[in-house]
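So you can see what is in the structure, the chains are spelled out below.
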Amino acid sequence: MAKKTSTDDPLAPVTLAVGQEELLLDRAVAQVVAAARAADSDTDVRDLTPDALQPGTLAELVSPSLFAERKVVVVRAAQDLSADTVKDVKAYLDAPAEEITLVLLHAGGAKGKGLLDAARKAGAREVACPKMTKPADRLAFVRAEFRTVGRSATPEACQSLVDAIGSDLRELASACAQLAADVDGTIDEAVVARYYTGRAEATGFEVADLAVTGRTAEALERLRWALAVGQPLPGITFALASGVRAIGKLATAPRGARPGDLARELGMPPWKIDRVRQQMRGWSGDGVAAALRAVAEADAAVKGAGADPAYALEKAVVTIARAARSRR
Amino acid sequence: MAVWDDLIGQQPVIAQLTAAARDADALVTAAAEGAEPPRAASKMTHAWLFTGPPGAGRSTAARAFAAALQCVSPDRALGGAPGCGFCDGCHTTLVGTHADVEVVATDQLSIGVKDTRDLVRRSSMSPANGRWQVIVMADADRLTEGAGNVLLKAVEEPAPRTVWLLCAPSIEDVLPTIRSRCRHLNLRTPPVDAVADVLVRRDGIEPELAATVARATQGHIDRARRLATDERARERRAAVLRLPLQLDDIGGCLKAAQMLVDSATEDAKQVAEEVDAKETEELRAALGAAAGTGGRMPRGTAGAMKELADRQKRRSTRTQRDTLDLALTDLAGFYRDVLAVQLGTSTPIANTEVRDAITRIAANGRPENTLRRIEAVLACREALDSNVAPLLAVEAMTMALRAG
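Chain order of the listed sequences is A and B. Per the working numbering: the first sequence ends with 328, consecutive numbering throughout. Per the working numbering: the second sequence ends with 1404, consecutive numbering throughout.
Chain B extracted, bound-state conformation:
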């Protein structure tokens, strides 16, 4: 069953989704042949909520399910489960070109009411190819409250052939009123071995490196792949893991905080450089003032340029926050290892490459200190989320880490 291949270590979920896709297929087939729809209780429903820790493959699962719904493989007539991965429907869905599958993801901080209203309008249309119109919201947790409320009616009673697939890290991340309108599917953290295995099998990464990065990222598949393939990401991570040893005095704390924030800003700038200039140039060209023509901007286009600049700024904030969040996650992982060593548990430590630092810090403190430090890291993530100035939040955290 090819569409499920990228979903690692989620057998119960796959079984449930396959059954749903099978019933959905029966429904569509019956309707196409003009027969009565099957009477038996269907395992298919119109709105699904995928939750699970980051990297467990929420959107992968949603996309695979979308592909299974669109599957037109001839095997189905012979009793095969939908989701072959080879037919037109599966293939176009997986590469993101299927006409009836819309993936909503944002590279900004939130999804607003305006975009959502438009989405609701589109959701009431019939599917172009007569099967299902699938809307995948990869970042349902980024819906603002207003936007969530706009969705309510559409999610509760969509058009007959519309299916909503919402993805969020946890069930608390979406409005209760949305939650109660969806069938909930929870993905678990994939086992480390399974992640390493898939890195070797699919991405052709050296088994040793694959094992290290899989352990280091604790089951976050995308991050593991990024670490395995991107030298810079490995360097940045190493720098973050050196941080706990630099917190001896106040100056060190301040410097460490500055370093963390600077590298996040740097990252955001790099992304911006790659994308922003091109985007701006494209918009200028569209407005009739491409480079080389040497003209001034035509009258009345300043607004559009400003809107683009605002959007780019929001994206850069998001990138910066994401990078910082990643660093904080690594840091929390580090102290988790420290705690594991202090308590003498059999849990293998994740950050094997900094074993020395871990044992040193473990010997210097008590488990209480470590727990307080983990709390501090988590508090910092929360502070960043509530829009505290990044440098200030990180400084407060390093101070707390130093105090223990």
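Bound conformation, chain A alone:
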């Protein structure tokens, strides 16, 4: 959800929504507009893109109107404003008009940073709208969605919803709204499964993680999903190779080495070392050798040496999973 800082009043003279997540940006705008409408139902809303905002346009918009009506001026993609317009906006920031609420949407980043800094300095209310990159963030988002509409959902339901829909926040939000509207009572896994099935996203790294822990069936299933959603095949062999490689490296690393030294020597981040250590059980030296050779063959097949790349990948996954149990 949009996180609020400093003042919490949506009707602050200047609101700054920073980030690239379209849904959250839109929500920030909608919140301000709703608050303004609640205060005065005649509020005039002007939604402007950089090309609509010529030098001087802003001054025209924010000049006092005869009827003293409330106005919300939304400036989208403020990082792309031309230099002259930026000058206008900065001038306005120094002397904001009373009945005007200005909403600046900015992508963050280095482009147009001057405007961003100026708005912050002028004491704008800031709403963070960052892209959600971690799966845990998306899970939290779904949970919060249900909570806002006052519905309870089981953790499994949230998880399978995220699996089925993927990383597009807008789709996730509308799915949550849909479920909340259509279903009575607690939203559990069975309910989600009735509306949404499958898996929108599967990466080679997920396949590799399952394969190197010897879970053949799950790894194959995930591989099929990865192929179905169009993951590039060389990326999958790369992930498989790096999974097996990590195990080979760590298995022969000195036992008592400190995690920091180990991380540096093996070129892996410390959290990964812990994870690989878990995966390492059941692997033998010959297993690593066999698995790596299988991946190399699959890589050749994927790049045109084989008739059926999907089969080659499946074979490699099965070989890896078998090697992962070679010591048991």
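Because the hints were derived from the structure by calculation, they are not lab data.
Chain A is nowhere near these chain B residues, computed Cβ spacing over 10 Å in every case:
no.: 1; residue: 1095
no.: 2; residue: 1121
no.: 3; residue: 1146
no.: 4; residue: 1176
Listed below are several chain A residues computed to face chain B (Cβ distance under 10 Å; list not exhaustive):
no.: 5; residue: 237
no.: 6; residue: 285
no.: 7; residue: 286
no.: 8; residue: 288
Computed from a predicted structure; not experimentally measured. For every residue, glycine included, the Cβ atom is placed at its ideal position computed from N, Cα and C.
Based on these hints, arrange chain B on the given structure of chain A.
Then chain B, alone, in the frame of chain A:
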């Protein structure tokens, strides 16, 4: 016969090329004097395919032949064979400035259709100096299939005075349809003694060092010279030859593979540093944004810059692959020596500097193991050729080497 001097241990080929050049000269002379062309069966033809192992001197042979075709030495009138090495024609061809000799070589992975079409167009022109227009394709094996097909017609029936000289490692490296349109000349691996001899004579290298590098490279003249003159190349080779002793456990295998690939990448980066920055700067200057003028790139030039960057990237891939390939060749040579020791043959071992390692590994395994290892090295080269991720391919190889 000076133009042939750089061609070592290839007497039969030289004899054939000299005869061809002589007939070609007779043809040109007759045409210049307005006489009937000689009726006797000519030993000259319009398309030649030079094959032979790397380092045997394919492109050297092609260039020497080109020089002989362009030779304007007055001795010819007195019955001397063309290819004196001193006249204008010979000299300019050998230094690469002759107007009618075009050498096509690429520093990228392949030669594409677009470049080839242009070449075909140029090949239909008449020679500027009235003798022969010679096109030397030093990397005919790098022609893509499409590019090869573009060449077909031009190679089959070139303009009357156009000669194609194609070079490739083996006859299988060019399309069958191209093959059948060329006269094939196979160069042999030059004898080790001859290579050592030429290193001493021409490059002034110490006889002892020359003998070592000639033996180590097994008749690859250019590599022998590089090894003899470049300290870094010797170091890299030594590192590669230490590799078979580092394959005791999985970690060692992975580390060795990483080392091989890293050093290849390093090499590519070094080449890139030498050339890329300069190239980029030149292009920027040509587009009107040289360093110092401090300006931004003019509108519409981003495409050209991107094209250059792409080309540089392809070149860097090629350098990396070549270096890796060289290392693998050294490795295969090492196991060849191991096999020679195991089988107790009289063949002298090539890598005398690592004799200890060779005997140790020979004692630890059987000839079958060694053969399998050689297979693994060759399989790795093939895998690299089919674009398998370099690190992965080399890792698979070191694993196979460890298993034996």
